[in-house]
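Q: Residue numbers (the numbering used here), protein chains in the order written: chain V, -9 to 81; chain B, -18 to 423.
Treat the hints with caution; some may be incorrect.
So the derived label-pair ranges between C-beta atoms look like this [as the list claims (entries may be wrong)]:
1. B:GLY(-6) x V:GLU42: 46 to 56 Å
2. B:GLN54 x V:THR27: 32 to 42 Å
3. V:GLU14 x B:ASP263: 35 to 45 Å
4. B:ALA32 x V:GLU30: 54 to 64 Å
5. B:PHE177 x V:GLU30: 24 to 34 Å
6. V:GLU71 x B:GLY50: 52 to 62 Å
7. B:GLY178 x V:GLY41: 49 to 59 Å
8. B:GLN(-14) x V:GLU42: 25 to 35 Å
9. V:THR27 x B:PRO60: 39 to 49 Å
10. V:ASN52 x B:ARG63: 24 to 34 Å
11. B:TRP207 x V:GLU71: 51 to 61 Å
12. B:ALA31 x V:ASN52: 50 to 60 Å
From the structure, some residues in chain B lie toward chain V, with a derived Cβ separation under 7 Å [unchecked claim]:
13. ALA211
14. GLY219
15. GLY237
Computed footprint of chain V on chain B, listed as stretches where at least three residues anywhere in the stretch have a Cβ under 8 Å from a Cβ of chain V [what the hints assert, rightly or not]:
16. 9 to 23
17. 143 to 149
18. 159 to 165
FYI, nobody ran anything at the bench for these hints, they're computed from the structure. Quick caveat, the model's predicted, so the values are computed rather than measured. Cβ atoms here follow ideal geometry from the backbone N, Cα and C, with glycine treated the same way.
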Amino acid sequence: MSVQVRIPSVLRRQTGGDESVQLEGATLGDILDGLETRYEGLRGKLRGPKGEIRRFVNIYVNDNDARLLDGSTTPVADGDEVIIIPAVAGG
Amino acid sequence: MSHVQSLKCRECGAEFPVAPRAICEECFGPLEVTYDYEALRRVFSPDAIAARPRSMWRYRELLPVDGAGILGQEVGGTPLVRADRLARNLGVEELYVKNDAVNFPTLSFKDRVVSVALTKAREFGMTTVGCASTGNLANSVAAQGVRHGFETCILIPEDLEAAKILGTTVYGARLVGVRGDYDQVNRLCSQIADRFGWGIVNVNLRPFYGEGSKTVGYEIAEQLGWKRPASLVCCMAGGSLLTKIGKAFDELQRLGFVDDRPTRLYGAQARGCNPIVAAVQDGSGEIRPVKARTIARSLAIGNPADGYYAARAIRESGGWAEDVTDGEIVEGIRLLAGTEGIFAETAGGVTVAAARKLIASGRLPRHEPIVLVITGNGLKTTDALAATAPVYPVIEPRLEAFEGAFATRVAADDFSGSAAPGAFPSSGLSAPAAPLSSVRTP
């Protein structure tokens, strides 16, 4: 199952400039594992030592904040979109 | 001359040169403007401030701008009103209202942050500015953006209050309604800032923009005779304003402008969007995002960017946070209007109603000075009052009709002065009251 992941500019140094990437997985956790495997520099940037999404990172699965869903165990399906965005904006 | 040192990450301490950036590349933490306070102590003083025009720019040394090209010289300098009638109602001794409902040019505190952001956008050579907004920011970016010759692109939830939409489009600003709530608009705006390189005031210009809020704190302290209030109550959406007022007070102490008695900070939110209040009350300090549902649309941010810092500032100051229902918000608007003649928007109703609860519960001490920060104007959110609008008589243009409608009321008010209570200084009172032609409910 292929999921598109959008990467914000602040992280593109770690992705060699890639703005988005297609990854396989059944849960958001799988997708983030895949992302960190492909771009080693992202390891530790998005998730803390216990796998929790870091305070200043927002991750959305199809429009919905992963924190309002089931976090890393949120299921993902073919064609879904995962968006990573720095949390500090707005207000 | 600027006294800015750098942009410093609030989390990991990494420092970056001044540029249109808001996020630490190391840890995603927010960047904060730092100043050379030692140098400022030597060149900046209350006397220097007193000689300047009454606007937010009288504190320009503490704002992150480089030179003389300030956009919005007239912004700020709003009244601090001694609110004795409201104080009596709430049972407190000394109460003030910081009234940014009459800020220039668009009647909310957002005029301050936009003035700094646009000044910075011009310094950076940007030609297009924009924002994600719950309304007040849209109004201010539209008015000030147009005035200072920027292209604008303003994104809002499509179903905002009509007055806030009109108060954006009237300036000829480019407005885009988004089918979604503020948090979705904000997410889109982050992506737009990334893609187009525009100056999105609360995204990539955010470190500078936020500094404008400090001027609320500077003004309050100066208006109190260079003293901090014992307590301050402020509404919270993203949590930035309260956090920056706290920073402003700390800076004034550091510069020796005020003594070392700190201010307890109290935060107010609507029950239907209370993630910062929840973080304070449960002691965790951690923000759990919510789906916002409240009539206080200007505060309807379910995932507040500065929520964590606002909660921390409140706890460290010895203050507290409280939320209020939509019904209490309307009561708060009416209470402030009916005692002090100040018509606040729904966010102001949140502040007043939360202050009332905090006072009643004993969290907010009654016998020390309190400041309520009113951030926006009630004429922009009249929809919120429609359901409870008062009934009033409509009469024929004849004196008898007026007397018929108002006899009881006028007598009770002892309008005649010398007449006995209950008497009306005219024989007309004995005539049958003219029927009201209609009763109007707006």
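Q: Hint by hint, where does the structure go against what was stated? Just the numbers, ascending.
A: Hints 1, 2, 6, 7, 9, 10, 13, 15 and 17 not satisfied by this model.
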